[in-house]
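K.L.:
Build out the structure end to end from the sequences listed, making use of the hints.
In order, the protein sequence lines correspond to chains H and W. Per numbering that gives the first Met the number 0, the first sequence starts with residue 0, numbered consecutively. Per numbering that gives the first Met the number 0, the second sequence starts with residue 0, numbered consecutively.
Any given hint could be a false lead.
[Stated by the list, open to error] Going by beta-carbon spacing under 8 angstroms, a handful of chain W positions derived as facing chain H:
#  : residue
1  : Thr1
2  : Pro3
3  : Leu11
4  : Leu12
5  : Ala14
6  : Asn15
7  : Leu18
8  : Ser110
9  : Glu112
10 : Ala116
11 : Val118
12 : Gln125
13 : Leu131
14 : Leu135
15 : Gly136
16 : Leu138
[Unchecked claim] The list that follows gives simulated cross-link-like pairs (lysine-lysine, BS3-like), each with its CA atoms no further than 27 angstroms apart:
#  : chain 1 : residue 1 : chain 2 : residue 2
17 : W       : Lys58     : W       : Lys78
18 : W       : Lys35     : W       : Lys58
19 : W       : Lys76     : W       : Lys58
20 : W       : Lys35     : W       : Lys78
21 : W       : Lys58     : H       : Lys35
22 : W       : Lys76     : H       : Lys58
23 : W       : Lys35     : H       : Lys35
24 : H       : Lys35     : H       : Lys78
25 : H       : Lys35     : H       : Lys58
[Stated by the list, open to error] Among chain H residues calculated to face chain W with C-beta under 10 angstroms, some are:
#  : residue
26 : Asn2
27 : Leu34
28 : Leu38
29 : Met41
30 : Val95
31 : Thr139
32 : Leu146
None of these hints come from the bench; they were simulated from the model. The structure presented is a predicted model; accordingly, all values stated were derived computationally and were not measured. Beta carbons: idealized from backbone N, C-alpha and C, even for Gly.
Protein chains: 2
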Amino acid sequence: MTNPSFSAVLRLLGANARLEERFSGGLGSLHGLALKEVLLLMHLAQAPRRRLSRIDLAKRLYVSPSTVTRMAAPLEKLKMVSREADPRDARLAYVVLTEAGLELVANAQASLEIMAADVFRDRWTQPEIATLADLLGRLTAGQPGDLG
Amino acid sequence: MTNPSFSAVLRLLGANARLEERFSGGLGSLHGLALKEVLLLMHLAQAPRRRLSRIDLAKRLYVSPSTVTRMAAPLEKLKMVSREADPRDARLAYVVLTEAGLELVANAQASLEIMAADVFRDRWTQPEIATLADLLGRLTAGQPGDLG
DNA sequence: CCGGTATACTTCCATATGCAAGTAATTAGG
DNA sequence: CCTAATTACTTGCATATGGAAGTATACCGG
Numbered sequence: 000m001t002n003p004s005f006s007a008v009l010r011l012l013g014a015n016a017r018l019e020e021r022f023s024g025g026l027g028s029l030h031g032l033a034l035k036e037v038l039l040l041m042h043l044a045q046a047p048r049r050r051l052s053r054i055d056l057a058k059r060l061y062v063s064p065s066t067v068t069r070m071a072a073p074l075e076k077l078k079m080v081s082r083e084a085d086p087r088d089a090r091l092a093y094v095v096l097t098e099a100g101l102e103l104v105a106n107a108q109a110s111l112e113i114m115a116a117d118v119f120r121d122r123w124t125q126p127e128i129a130t131l132a133d134l135l136g137r138l139t140a141g142q143p144g145d146l147g
Numbered sequence: 000m001t002n003p004s005f006s007a008v009l010r011l012l013g014a015n016a017r018l019e020e021r022f023s024g025g026l027g028s029l030h031g032l033a034l035k036e037v038l039l040l041m042h043l044a045q046a047p048r049r050r051l052s053r054i055d056l057a058k059r060l061y062v063s064p065s066t067v068t069r070m071a072a073p074l075e076k077l078k079m080v081s082r083e084a085d086p087r088d089a090r091l092a093y094v095v096l097t098e099a100g101l102e103l104v105a106n107a108q109a110s111l112e113i114m115a116a117d118v119f120r121d122r123w124t125q126p127e128i129a130t131l132a133d134l135l136g137r138l139t140a141g142q143p144g145d146l147g
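P.N.:
Below, the structure written as C-alpha cells:
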C-alpha cells in the first residue's frame, strides 16, 4: 500500500476490531458490562453533576438516540443510573450516575486501563504510545466530552 | 487523562466511529456498497486467484463465519462474486471475485482513497500521516492478509 | 396569546450480527 | 477399514442498532 492516508484508515479499522474483541471478553466477565456500557458510565462520571441528556450521550457515544434509550434501561434496573427530569425543560430526561454506578465505573475503568496497557506491553515505548494517542486525538478533536 | 495507553485506546474507538460514519454515507451513495462489503471485495482482489474461503474471509474481516455467508449472498446475486468448490476438499466454498467485481472494487477503492485523504487534508503533514499508519500497523501486525 | 417549527425522547420496524446447533466432508488413530 | 474428532459451512434464534414515525414540550414570529 503506497497511499499512507488510505493505509492509516484501513489499519485503524482493523485495530479497532481487534481491540473491541479483546475488551469485550474481559470486561463482560469482570463486571458484567459491555464496553459500550462502560463508556456510557464513564461519560456520566466526568459530566457536571454526573448527568447527561440522552441526546448528549448519543453524540458522545456515536450512536443514535434510540440506542441510548435502550442502553440506559437495563442500567437503570441495576440502579447504576437513574432518570431525572429537568425542572426547566420537561423534554429532557437526564441519565444520572448513581453512587453504585460511580463505584462500578471506577472498577471497570481500572480494568480497562490494565487491558489497555496490556495492548502495548510488548514492543512499544512510552513515547510511541504517547505519539499514537496524540495523533488519534487529532482525529477526534472538536467533539464535546472527549474521554481521553 | 494521564494514562497514555488508555487514552490511545479510547481515542482509537472514537476515531473509528467517526470514520465509519463518514465512509458509510459516501460509499453507499457512490457505489451502493457498505464499507464492509468493499473490504470483503478488497481482500478477494489481493488474494491469490482472487478467491478466499469463507473462514479466511471471516478472519480477515474480524467477523463470524455466518456473517461472511450472509454478506456474500447479495454480492453473488449482483454477480460481483461467485461461489466455487475446492476440487480437493468439498467442504471449502470459495468466494471468488468476478471481473465485474474487480471493476467495482477498483472504483470503490478509488473513492475510499479520496475519502481517506480528505480525513487528513487539514492540519496533517505527510510524515504525521505516515507515522500514524506505521503505529497503527503495529497494532494489526501478525494477521494474514493485511490490506494496508 | 397563537400557530408553526424545532427539539427530546420513545417505539415500531427492518436489518445486521454472533452463537449454538445441525449437516457434510476430511483427517487421525487404532 | 471404522470410528471419533476436527473442520467448513449454513441456519435458527436472540440481541443490537438505525431510521421513521409518533408524542410531548419548548421556542419563535407575529
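K.L.:
Indicate, hint by hint, whether the structure satisfies it.
P.N.:
Cross-check of the supplied hints:
1. Proximity of W/Thr1 to chain H is violated relative to the hint, the smallest CB-CB distance being about 10 angstroms (cut-off 8 angstroms).
2. Annotation: interface hint on W/Pro3 holds; nearest CB of chain H at approximately 5 angstroms, less than 8 angstroms.
3. Hint on W/Leu11 holds. Least Cβ distance to chain H is approximately 5 angstroms, under the 8 angstroms limit.
4. Because the closest C-beta pair between W/Leu12 and chain H is about 7 angstroms apart, less than 8 angstroms, the hint holds.
5. A hinted interface residue such as W/Ala14 counts as satisfied when its beta carbon comes closer than 8 angstroms to some beta carbon of chain H; here the least separation is about 4 angstroms, so the hint holds.
6. Given the 8 angstroms rule on beta carbons, the hint for W/Asn15 holds: about 4 angstroms separates it from the nearest Cβ of chain H.
7. Taken as an interface hint, W/Leu18 checks out: its beta carbon lies about 6 angstroms from the nearest beta carbon of chain H, inside 8 angstroms.
8. The beta carbon of W/Ser110 is not positioned within 8 angstroms of any beta carbon in chain H (closest approach about 11 angstroms), and the interface hint is therefore violated.
9. Contact between W/Glu112 and chain H, as hinted, is supported at the beta carbon level, the nearest pair being about 5 angstroms apart and thus within 8 angstroms.
10. Because the beta carbon of W/Ala116 sits about 5 angstroms from the nearest beta carbon in chain H, less than 8 angstroms, this interface hint is met.
11. A distance limit of 8 angstroms between C-beta atoms decides the matter here; for W/Val118 the minimum to chain H is near 7 angstroms, and the interface restraint holds.
12. For W/Gln125, the interface hint holds, the least distance from its beta-carbon to any beta-carbon of chain H being 7 angstroms, beneath 8 angstroms.
13. Annotation: W/Leu131 was flagged as interfacial toward chain H, and the flag holds, the nearest CB pair being 5 angstroms apart, inside 8 angstroms.
14. For W/Leu135, the interface hint holds, since its Cβ comes within 8 angstroms of a Cβ in chain H; the closest pair sits about 4 angstroms apart.
15. Given hint, W/Gly136 at the interface with chain H, holds; its Cβ is 5 angstroms from that chain's nearest Cβ, closer than 8 angstroms.
16. With 8 angstroms as the threshold, the beta carbon of W/Leu138 comes within range of chain H, its nearest partner Cβ sitting at about 4 angstroms, so the hint holds.
17. The suggested pairing of W/Lys58 with W/Lys78 holds, with an alpha-carbon distance near 23 angstroms, which does not exceed 27 angstroms.
18. In summary, the hint linking W/Lys35 to W/Lys58 is supported, as the alpha carbons are separated by about 13 angstroms, within the 27 angstroms threshold.
19. Restraint check for W/Lys76 and W/Lys58: the C-alpha separation of about 23 angstroms stays at or below 27 angstroms, so the hint holds.
20. For the proposed pair W/Lys35 and W/Lys78, the alpha carbon gap of about 17 angstroms is at most 27 angstroms, so the pair holds.
21. Pair hint W/Lys58 plus H/Lys35 holds up; C-alpha atoms about 23 angstroms apart against a cutoff of 27 angstroms.
22. This hinted pair does not check out: W/Lys76 and H/Lys58 have alpha carbons roughly 37 angstroms apart, beyond 27 angstroms.
23. The suggested pairing of W/Lys35 with H/Lys35 holds, with an alpha-carbon distance near 21 angstroms, which does not exceed 27 angstroms.
24. At roughly 17 angstroms between alpha-carbon atoms, H/Lys35 and H/Lys78 fall within 27 angstroms of each other, so this suggested pair holds.
25. Among the hinted pairs, H/Lys35 with H/Lys58 is consistent with the structure: their alpha-carbon atoms are about 13 angstroms apart, no more than 27 angstroms.
26. The restraint placing H/Asn2 at the interface with chain W holds, with a minimum CB-CB distance near 6 angstroms, inside the 10 angstroms limit.
27. Among the interface hints, the one on H/Leu34 holds; its C-beta lies about 8 angstroms from the nearest C-beta in chain W, closer than the 10 angstroms criterion.
28. Taking 10 angstroms as the C-beta cut-off, the interface hint given for H/Leu38 holds, the closest approach to chain W being about 8 angstroms.
29. Interface hint at H/Met41: satisfied, since its Cβ lies 9 angstroms from the closest Cβ of chain W, which is below the 10 angstroms cut-off.
30. A distance limit of 10 angstroms between C-beta atoms decides the matter here; for H/Val95 the minimum to chain W is near 22 angstroms, and the interface restraint is violated.
31. At about 4 angstroms, the closest approach between the beta carbon of H/Thr139 and any beta carbon in chain W falls short of 10 angstroms, and the interface hint on this residue holds.
32. Given hint, H/Leu146 at the interface with chain W, holds; its Cβ is 5 angstroms from that chain's nearest Cβ, closer than 10 angstroms.
Checked against the numbered hints above, the structure violates hints 1, 8, 22 and 30; every other hint is satisfied.
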